[in-house]
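Engineer: Could you put together the complete structure from these sequences and hints?
Here the sequence shown stands for residues 1 to 257, where the numbers follow our numbering.
These are calculated hints, taken from the structure and not from any lab test. Glycine included, each C-beta is placed from N, C-alpha and C at the ideal position. It is possible that part of the hints are untrue.
[Unchecked claim] Derived BS3-like pairs: lysine-lysine, alpha-carbon spacing no greater than 30 Å straight-line:
1. Lys173 - Lys227
2. Lys160 - Lys173
3. Lys113 - Lys160
4. Lys227 - Lys160
[What the hints assert, rightly or not] Simulated restraints on C-beta separations:
5. His41 - Phe140: 55 to 65 Å
6. Thr214 - Ser193: 30 to 40 Å
7. Gly161 - Thr37: 31 to 41 Å
8. Ser191 - Thr155: 17 to 27 Å
9. Asn147 - Arg91: 38 to 48 Å
10. Cys158 - His41: 21 to 31 Å
11. Val33 - Arg84: 26 to 36 Å
12. Val93 - Pro118: 21 to 31 Å
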Amino acid sequence: MAIIAVIGGAMAVAGRGGDAASASAAPSPTAVVAPQTMDAHPSSFVVALTWAQGDGLPVSYYAVTRDGRPVTTLPPSTTTWIDRSVTPETRYVYAVAAVGADGTRALTRVVAKTPTAPLATARFVGTFNVHLHATSHFGFSNFHGENQTGGWRSTPTCRKGPCGTELADLHRKAFVLTLTRRGAAYHGTVSVSGIVTCGGADVTSTFTVGVHATDAGPVHDRWVVTKVRGTMTQSESAQLGCIASGATYSVHGSLVV
Numbered sequence: 001m002a003i004i005a006v007i008g009g010a011m012a013v014a015g016r017g018g019d020a021a022s023a024s025a026a027p028s029p030t031a032v033v034a035p036q037t038m039d040a041h042p043s044s045f046v047v048a049l050t051w052a053q054g055d056g057l058p059v060s061y062y063a064v065t066r067d068g069r070p071v072t073t074l075p076p077s078t079t080t081w082i083d084r085s086v087t088p089e090t091r092y093v094y095a096v097a098a099v100g101a102d103g104t105r106a107l108t109r110v111v112a113k114t115p116t117a118p119l120a121t122a123r124f125v126g127t128f129n130v131h132l133h134a135t136s137h138f139g140f141s142n143f144h145g146e147n148q149t150g151g152w153r154s155t156p157t158c159r160k161g162p163c164g165t166e167l168a169d170l171h172r173k174a175f176v177l178t179l180t181r182r183g184a185a186y187h188g189t190v191s192v193s194g195i196v197t198c199g200g201a202d203v204t205s206t207f208t209v210g211v212h213a214t215d216a217g218p219v220h221d222r223w224v225v226t227k228v229r230g231t232m233t234q235s236e237s238a239q240l241g242c243i244a245s246g247a248t249y250s251v252h253g254s255l256v257v
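Structural biologist: Okay, structure coming up:
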């Protein structure tokens, strides 16, 4: 005869002979499972994603998105992916979706924030508002350039990354010079006629520009120079009865975004 008793609020059945309890079989997976223990490992120009495979149905492939936009698909055995098209000081949201044979998806998201990068790695490109302040001058009968504001356009001589650049004044078309790069510093010289006159005749002026990056930031998915500081010197040789002249300017430039 079986004995029915309530133990701790649950119904239990006991009988003579010690009936064996039948073990229930583990249920079979019915869907793909999202990537497990997913993590992002950001550096200035690279983000590495890592994850573990779930225990669900077999995965046909993984689909990766960045900020909601598809970027790549990966074989089902993959558990790492490296994004080499990131910019320093930028936040990214990644999602990796496990995609099953029937097209169903299960995804995991992770946020990565890239750190800053050295100024020497920034690209010197774009239009800059430039303030020139004359710190000294000599040889001019009339000098009106104590404080000047202008625009300079920097066009790199390479397709990507930091390199030398062509610098052009937006208001003086003849003022175009190539700046060579050394680290975060740029240097170049140009000769321009017509800025200074002697007895009504145009005189050739030689300008030497030396600037260095003082700040950088992410602009339109690129790591670029945003501020420059330095000096510009101007000189004219003695000629046509006029004495030699020259000036030195401090240069402060800010990128126009």
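Engineer: Each hint: holds or not?
Structural biologist: Cross-check of the supplied hints:
1. Lys173 - Lys227: holds (23 Å)
2. Lys160 - Lys173: OK: Lys160 and Lys173 at ~26 Å, within 30 Å.
3. Lys113 - Lys160: Answer holds: Lys113 to Lys160 is near 23 Å, not above 30 Å.
4. Lys227 - Lys160: holds (19 Å)
5. His41 - Phe140: 55 to 65 Å: holds (59 Å)
6. Thr214 - Ser193: 30 to 40 Å: holds (32 Å)
7. Gly161 - Thr37: 31 to 41 Å: Between Gly161 and Thr37, where Cβ atoms are some 35 Å apart, the hint holds.
8. Ser191 - Thr155: 17 to 27 Å: holds (20 Å)
9. Asn147 - Arg91: 38 to 48 Å: holds (39 Å)
10. Cys158 - His41: 21 to 31 Å: Once the Cβ atoms are compared, 29 Å apart, the range 21 to 31 Å for His41 and Cys158 holds.
11. Val33 - Arg84: 26 to 36 Å: holds (28 Å)
12. Val93 - Pro118: 21 to 31 Å: holds (26 Å)
In terms of the numbered hints stated before, the structure departs from none.
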